[in-house]
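J.: Residue numbers (this note's numbering), protein chains in the order written: chain E, 1 to 115; chain V, 116 to 800.
Don't read these hints as lab results, they were simulated from the structure. Incorrect hints may appear among the rest.
Stated by the list, open to error - Cβ-Cβ distance ranges computed for the label pairs, FRET-style:
1. E:Thr16 to V:Asp688: 32 to 42 angstroms
2. E:Thr16 to V:Met116: 57 to 67 angstroms
3. V:Glu510 to E:Glu15: 53 to 63 angstroms
4. V:Gly526 to E:Lys3: 49 to 59 angstroms
5. E:Glu23 to V:Asp499: 44 to 54 angstroms
6. E:Lys3 to V:Leu518: 44 to 54 angstroms
7. E:His10 to V:Asp499: 39 to 49 angstroms
8. V:Asp688 to E:Leu2: 34 to 44 angstroms
9. V:Met116 to E:Glu15: 39 to 49 angstroms
Claimed, not checked - According to the in silico footprint, chain V covers these stretches of chain E (three or more CB under 8 angstroms from chain V):
10. 14-22
11. 39-49
12. 70-77
None of these values were measured; they are calculated from a predicted model. Virtual Cβ for every residue (Gly too), placed ideally from N, Cα, C.
What follows is the residue order along each chain.
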Amino acid sequence: MLKIQGDNYHVWYEETNKTVHFEGTLRLRTVAEYSPIIQLLSNVVNNPTNLVDLNFKSLYALNSSGISMLSKFVIDIRDKSKLQVIIKASNNINWQPKALKNLQRLMPNLILKYE
Amino acid sequence: MKQLQKVFRPAITLMNRLKYPQKFTLISSIFVLPLSLVMYLLISEIQSRNDFAEKEKIGNTYLRPLRQLWSDVSLAQITNNDQAKQNELKELKARINNQMQSLEDVDKKYGNILLTTTKFSSIKEKWRQIENQSNDNIEEKNQTYNTLRQEIDELRNKVGDQSNLILDPDIDSYYLMDATLLKLPEMQYILTDIQLITQKSILTKQDTVESRIKLIKYLAKLEGYNSELKKNMQNAFKFNPAGNTRPKLEKFLNEYTNKIDLLIDTTIPLTENSSTLSSQVFYTAAADNLKLSYILWDKAIVELDVLLQNRINGFVQRQLLLCAFVSIILILVLYLYIAFYLGVRQTVSSLSAASKQMINGTVTESIILENRDELAEVVKSFNDIALALVKANKEVNLLNQCLTDENIRMGAELEVTSKLQKMILPPKHELEQIPDLEIAGFMLSATEVGGDYYDVIYHNGKVKIGIGDVTGHGLESGVLMIMVQTAVRTLLEHNETDPKKFLDTLNRTIYQNVQRMNSDKNMTLCLLDYENGKVRVSGQHEEMLVVRRGGLVQRVDTVDLGFPIGLEEEISDFIGYADIQLYPNDVVVLYTDGVTEAENPEGELYGIARLTEIIKENWQHSAHDIKQSIVDDLYEYMGQGKLLDDITLVVLKRKQSESSNKLIKDDVDQNLEPETSAKLTHTLV
Chain E
1 MLKIQGDNYH VWYEETNKTV HFEGTLRLRT VAEYSPIIQL LSNVVNNPTN
51 LVDLNFKSLY ALNSSGISML SKFVIDIRDK SKLQVIIKAS NNINWQPKAL
101 KNLQRLMPNL ILKYE
Chain V
116 MKQLQKVFRP AITLMNRLKY PQKFTLISSI FVLPLSLVMY LLISEIQSRN
166 DFAEKEKIGN TYLRPLRQLW SDVSLAQITN NDQAKQNELK ELKARINNQM
216 QSLEDVDKKY GNILLTTTKF SSIKEKWRQI ENQSNDNIEE KNQTYNTLRQ
266 EIDELRNKVG DQSNLILDPD IDSYYLMDAT LLKLPEMQYI LTDIQLITQK
316 SILTKQDTVE SRIKLIKYLA KLEGYNSELK KNMQNAFKFN PAGNTRPKLE
366 KFLNEYTNKI DLLIDTTIPL TENSSTLSSQ VFYTAAADNL KLSYILWDKA
416 IVELDVLLQN RINGFVQRQL LLCAFVSIIL ILVLYLYIAF YLGVRQTVSS
466 LSAASKQMIN GTVTESIILE NRDELAEVVK SFNDIALALV KANKEVNLLN
516 QCLTDENIRM GAELEVTSKL QKMILPPKHE LEQIPDLEIA GFMLSATEVG
566 GDYYDVIYHN GKVKIGIGDV TGHGLESGVL MIMVQTAVRT LLEHNETDPK
616 KFLDTLNRTI YQNVQRMNSD KNMTLCLLDY ENGKVRVSGQ HEEMLVVRRG
666 GLVQRVDTVD LGFPIGLEEE ISDFIGYADI QLYPNDVVVL YTDGVTEAEN
716 PEGELYGIAR LTEIIKENWQ HSAHDIKQSI VDDLYEYMGQ GKLLDDITLV
766 VLKRKQSESS NKLIKDDVDQ NLEPETSAKL THTLV
């Protein structure tokens, strides 16, 4: 499953530029409810690939469970030395600077691009 | 099958439009038409045979007086020839007149049926002629008598033909008819002729060969008729299901035929004048035989009538039986039709009653019917549906029960945790004991047990303030929050003052427990140490807002002061602290992201800008009032919108005091910038 459509959000993988797009507002109640998204991300990185882009430029809200989900994901993949993760973010979105900086702390070779 | 459907389509369409009584009426009408035709033909056939027999009876009714007339006319002719018997003749004539009268009555009644009136009128005319004739010419009168006798004979034949007697269909009645209509009258005719011949011989005392030859001829004829009569009557006796002919007639028949045989056996010498006595013998014998023949005729005609009546009765019986049979069948068919209709009605009404029950939700058992027809299949399907519905209903109820149970369980769980969480919040009186600070706290949970945390602990003249946000909600988040609160207090009791060591130890403790719990929770946590106007802040959380005199708001970023608690085992590298000097009336506002990310009905975020604005407007009020202003503004902003996340607010305000007033003068300029251990981002708004 490479596409998840929720009430207020849309997550999908664009194969051509190896980008997972996040759009809308994500406020699922528990980490368990985030498992389809984790599954999607796992599927993407489990394919033999050296590069993955995570585009958060249109994700206007992510609650603490969502940030936790992203952190767990980063902890899981940070040992894959060959994998380069690039995060595209926006300075204007409240949740992003702190949470994304924490991700970078968890995975120092993660590239954070504010656009 | 499709072809069959096509052929029957018009009939099916018709039948589907009709109600059951109409269906029955239609089919019955179509069925009754040929049935009535057949019935009509059958009944009328029987009736025509009945009429045939009735007509035969009419014939017999006519023949009776005719036989009387015949015998008396014959006797009258003979008597007329004998001069010595003129008195007897008168009497006879009177009798004949009477018989003419009664025959006329019968003729009036049946003449048009038997077409006998003309013939009878002619006979009447002949008789009048005889009555008016003088006795002078005996020969002429005899001639007229002969004609009359002949006409009577012809009339009898006519009656026999017209009344169907001659066509009688049964053996016994046919041969009785043969005797009464043909054989006996013929023989009577011959016997009369014999009498006339022999009378002439006696009266003239002349016995001619001619007359003897005539006599012999008559006897020969008589013999023929006699043997035929015997044979035919045997058939009438033999083929007689009613069994009435032989007992009633055999004796008379034997007597008569034996007598005739005797007469026939009497030898007639062909020599002239042999004896006049023999003529007398023949005359007397003929007279006796005539009498016997009349008796036999009278008896036979009665039995013939009995047979005819039997036959008519049989026909009537057959008609009645047929009508009764058909009526019974029709009644039975009607009875079954009505029963069928009522059966259908009963099934349909029980189905509709059951469906009403189903609609009302009171179905408890399936419908039981004795039908084994197509309707029973409908009922069976209905029962299947009903049972399935009942089963589904039960399952739904069970599920509802489970849900209710689960809700009760969850409710209980939430209630317990909520109680724990609220129990552990700093009570108002504790906050009021703090000498240098006004502190107002506010917590509103999105669900019954939130993931937010705040605490204020006054210990050894120092104040420890904590604020945090555990990911998610529910029991697990609540438990984690309580653990953090306990760990903070423990470290405080242990006099741990190094912010780095404090948070590192706290993180390890929580991390280990989270691993043990196999939980995916972690939390942001910011700790403030206040002592004598100095605030040391550590740990990563939302920005800390510091409001200076005049409403200048300083935003203190905490991203570089820590890391989420419980996510990583080793976070000491990320921990830092910042020192901020608080002057009297300075305000610090701590909040969780539930405040800045609260949404209005249009889905727009409350935001930090709006929060700072409301603080700037209200900085001069008490901590409680500032808190209340923020809460009111937040509520107003959210309107009817749903609370998406927990909301926690902590407002501290340094109290105005003698010592603090003094401090303002001393420290205000040189200590505006906070001291930091790490690179601290802060913005002045």
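J.: Now look at each hint and say whether the structure bears it out.
T.: These are the hints, each one checked on the structure:
no.: 1; hint: E:Thr16 to V:Asp688: 32 to 42 angstroms; result: holds, 38 angstroms
no.: 2; hint: E:Thr16 to V:Met116: 57 to 67 angstroms; result: holds, 58 angstroms
no.: 3; hint: V:Glu510 to E:Glu15: 53 to 63 angstroms; result: violated, 44 angstroms
no.: 4; hint: V:Gly526 to E:Lys3: 49 to 59 angstroms; result: violated, 37 angstroms
no.: 5; hint: E:Glu23 to V:Asp499: 44 to 54 angstroms; result: holds, 49 angstroms
no.: 6; hint: E:Lys3 to V:Leu518: 44 to 54 angstroms; result: violated, 32 angstroms
no.: 7; hint: E:His10 to V:Asp499: 39 to 49 angstroms; result: holds, 45 angstroms
no.: 8; hint: V:Asp688 to E:Leu2: 34 to 44 angstroms; result: holds, 37 angstroms
no.: 9; hint: V:Met116 to E:Glu15: 39 to 49 angstroms; result: violated, 55 angstroms
no.: 10; hint: 14-22; result: violated (count 0)
no.: 11; hint: 39-49; result: violated (count 0)
no.: 12; hint: 70-77; result: holds (count 3)
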